[in-house]
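Chemist: Here is how the chains run, residue by residue.
Protein chains: 2
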Amino acid sequence: MKRKKFLLEETQMPTAWYNMVADMPHRPQPYLDPKAHTPITEQTLSVMIAEELARQELSTERFIEIPEEVQAMYRIWRPVPLVRATGLERALDTPAHIYFKNEGVSPVGSHKPNSAVPQAYYNFKQGVKRLTTETGAGQWGSALAFAGRHFGLDVDVYMVRCSYDQKPYRRLMMNTWGAQCYASPTMRTASGRAARAENPAAMGSLGLAISEAVEAALASPETTRYCLGSVMNHVLLHQTITGEEAILQMEMADEMPDVVIGCVGGGSNFGGIAFPFLRKKFCEGAQLRVVAVEPESCPKLTRGTFGYDIGDVSGYTPLIPMYSLGHDFQPSAIHAGGLRYHGAGAIISQLLHDGLIEATAVPQTETMQAGVLFARTEGIIPAPESTHAIAVAIREALRAKAEGCARTILFNLSGHGTIDLYAYEQHLAGHLADYVPTDEELAVTAGQVLR
Amino acid sequence: MKRKKFLLEETQMPTAWYNMVADMPHRPQPYLDPKAHTPITEQTLSVMIAEELARQELSTERFIEIPEEVQAMYRIWRPVPLVRATGLERALDTPAHIYFKNEGVSPVGSHKPNSAVPQAYYNFKQGVKRLTTETGAGQWGSALAFAGRHFGLDVDVYMVRCSYDQKPYRRLMMNTWGAQCYASPTMRTASGRAARAENPAAMGSLGLAISEAVEAALASPETTRYCLGSVMNHVLLHQTITGEEAILQMEMADEMPDVVIGCVGGGSNFGGIAFPFLRKKFCEGAQLRVVAVEPESCPKLTRGTFGYDIGDVSGYTPLIPMYSLGHDFQPSAIHAGGLRYHGAGAIISQLLHDGLIEATAVPQTETMQAGVLFARTEGIIPAPESTHAIAVAIREALRAKAEGCARTILFNLSGHGTIDLYAYEQHLAGHLADYVPTDEELAVTAGQVLR
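From first to last, the protein sequence lines stand for chains A and B. For what it's worth, my numbering labels the leading residue of the first sequence as 1, then goes sequentially. For what it's worth, my numbering labels the leading residue of the second sequence as 1001, then goes sequentially.
Here are some chain A residues pointing at chain B (derived, C-beta under 8 angstroms):
#: 1; residue: K4
#: 2; residue: N175
#: 3; residue: V372
#: 4; residue: E378
#: 5; residue: I380
#: 6; residue: L421
#: 7; residue: Y424
#: 8; residue: L428
Derived DSSO-like pairs: lysine-lysine, alpha-carbon spacing no greater than 30 angstroms straight-line:
#: 9; chain 1: B; residue 1: K1005; chain 2: B; residue 2: K1401
#: 10; chain 1: B; residue 1: K1005; chain 2: B; residue 2: K1281
#: 11; chain 1: A; residue 1: K5; chain 2: A; residue 2: K281
#: 12; chain 1: A; residue 1: K5; chain 2: B; residue 2: K1125
#: 13; chain 1: A; residue 1: K2; chain 2: B; residue 2: K1005
#: 14; chain 1: A; residue 1: K2; chain 2: B; residue 2: K1125
#: 15; chain 1: B; residue 1: K1002; chain 2: B; residue 2: K1281
#: 16; chain 1: B; residue 1: K1002; chain 2: B; residue 2: K1401
#: 17; chain 1: A; residue 1: K125; chain 2: B; residue 2: K1005
#: 18; chain 1: A; residue 1: K280; chain 2: A; residue 2: K2
#: 19; chain 1: A; residue 1: K401; chain 2: A; residue 2: K280
#: 20; chain 1: B; residue 1: K1280; chain 2: B; residue 2: K1002
#: 21; chain 1: A; residue 1: K125; chain 2: B; residue 2: K1002
#: 22; chain 1: B; residue 1: K1129; chain 2: A; residue 2: K2
#: 23; chain 1: A; residue 1: K401; chain 2: A; residue 2: K5
#: 24; chain 1: B; residue 1: K1002; chain 2: A; residue 2: K5
#: 25; chain 1: A; residue 1: K2; chain 2: A; residue 2: K401
#: 26; chain 1: B; residue 1: K1280; chain 2: B; residue 2: K1005
#: 27; chain 1: A; residue 1: K281; chain 2: A; residue 2: K2
#: 28; chain 1: B; residue 1: K1005; chain 2: A; residue 2: K5
#: 29; chain 1: B; residue 1: K1002; chain 2: A; residue 2: K129
#: 30; chain 1: A; residue 1: K281; chain 2: A; residue 2: K401
#: 31; chain 1: B; residue 1: K1401; chain 2: B; residue 2: K1280
Simulated from the structure, these hints should not be mistaken for laboratory data. Ideal Cβ placement from N, Cα and C applies to all residues, glycine included.
Start from the sequences, fold in the hints, and give me the full structure.
Modeler: Shown next as structure tokens:
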């Protein structure tokens, strides 16, 4: 019998998150105050986010203990399976071994609760009563709704209007868990009102939704804090539970990956699987490559500028040292809504800048073909974001076949796609196109990045 | 640390299904030919369904081996977790221990592939090229699409039009796995054309969709067979993998249930969890109660007639000895689409008739309240069907609290509800009502049941 899944018992679940910063040859430059351009401190950050999260954001400790309350909630769905993609291997007729970590088994359907749970917990411990956040495709907003409810917190989600209209199921999930969900731009904040004044039919953007959520939190500092679902160091820290589990499970399979693959929006699921394996590489001499995958239509890693940029349109967030397309960059309306963000987290950007990880951009049609093949061979319909990682895993497996060599491939299946089925309908009907921005288009917003 | 989940390794997965018939004090009366009223044989059944499935339908063997090819496909998602509902217990402040089997982790989101996989496999082995089936809410059609694709079979699904229009995501899932999905009544069959001639805007029914699917299969006997997702003995047989796993997992938890609960449409998820525990009761003297839960609006178990009825409107299926409301009974449009069926499987009906299991009917609003409480305490949004089991688990837990006694409760979480979120929206908006048919209404179709 060929083993399909590698499961950990709850008692084997890692009890600490891994902080990539501790082992980086060059640590990222500091975040800067968006106005004064001076390095920000825990104290200034903690006006916006919970104190413990601000501390983690700037921490250089190698491991940070996962509180027992967070572990208890993780156990609702974690540890998650490592799966050998035997059906996909057979379909590709490849000598490669393909493994994936199935983060789609969480109640929300993605990796997002890995950070939503600790963020809700630390806010609860601090006495915060209400959380605000933004959401694009809806995965993060759902995750914070789920986690916030558990700790008795009110949650206000600002959801980009075009997604709010397109994906009613995501809003209904948030409502079912008891959160409020608003179509951004709203009339609740100055940022939203300004956008509506400019264009009453504005469909919103992630950058604007972040501005609204931060503004709403800052307006009620005694009760409310803001939460972010990606990009920042503490978010990627929490996601490393994925890679820490995967290391134990690859050991059960008696293999080590030659290549580790994840898709990148802000970088949270990618960092989650990649960072623990990069520790193996940096500290234990493991021979492996790490590949970050982005859509060709939003190519911050392969065609962006490495410098300082803000994370939202109104400039409430710090200046972050990152690969960015400029904070006003408007990507085309691809179905992988979670990958439509102008910048990548500071740690990932620094690793890429230093040549320690690779980045590659893939066209939408290739990713959806990969998603359909995966659905038909492995049974699981993947999220459009996750199909980017699958597409590159397939490329690697076919290259191994062409070269006639063995290769062990590991990718992060960041979520399932059963709430994103219109993407598959469009693809199966032949309606999806590829879009590659021209150099001229990228130049329009590139100047916003401070080199 | 209180353990949350009880997991089995793949090597611990049971390798045989359990056939309840072997241990019943009174076996069900035989199926009858709908015209001649003579007992049907394997041979007549195998015109409609695969030979091995016809054999299993009439088998009295206690255990039937699960073929290795089926086990291999089960391993995509099985064994599935047994979960201790610690969050729900806390919210109810009950001394009871509540466990549930989470069948929602399958790629389809429910227990349905437990039978879709072997049905597709046996048809494939026999050389069948195409499967036809009906689906109501869409869970079964999705499951057969998923399973059929794996064995290279074409799958045609006749989906009740009102669900086809209301639940586009279910159709898109089937398409993604490569199946065809038609809104029933169609113009492809005589049954469908007759219904459309009578009412061009007919919204269809499960009984009619079954007639269409059977008719389409019978029209191409050299290539095509019909598959059914519930009611029949072989379907419930395949579902017993759930209860067999649960027995091993309850042993891991060092407990035995005092009460086992499942919701009943045709009876497949209920039989799946209940039958192996009934073996414990009948053969090993285990002290436990088994409760079948149905919606008050479709009360076949609590208010139906025990006798012979057909499973579809056109009379293609055998006469089945069962509790039925009459095959023309039209239940109100509750959200638990999977429970809107006029009859219950022969084994379950006989067990109930003999007083060996209990049945109870619950109102829709109570079930949705239970679903919301479960979502907010256990994180998982349950399918509207599964909320019926949760509602009765809650009743049992509160009774234990009132009586001040311990009680171990086990229910089957037959599926997640993330594709059924409109039910939650309607409930949260206060738009759902309860509906109890009057005796007069039930009398209209009750006469169709032959006593």
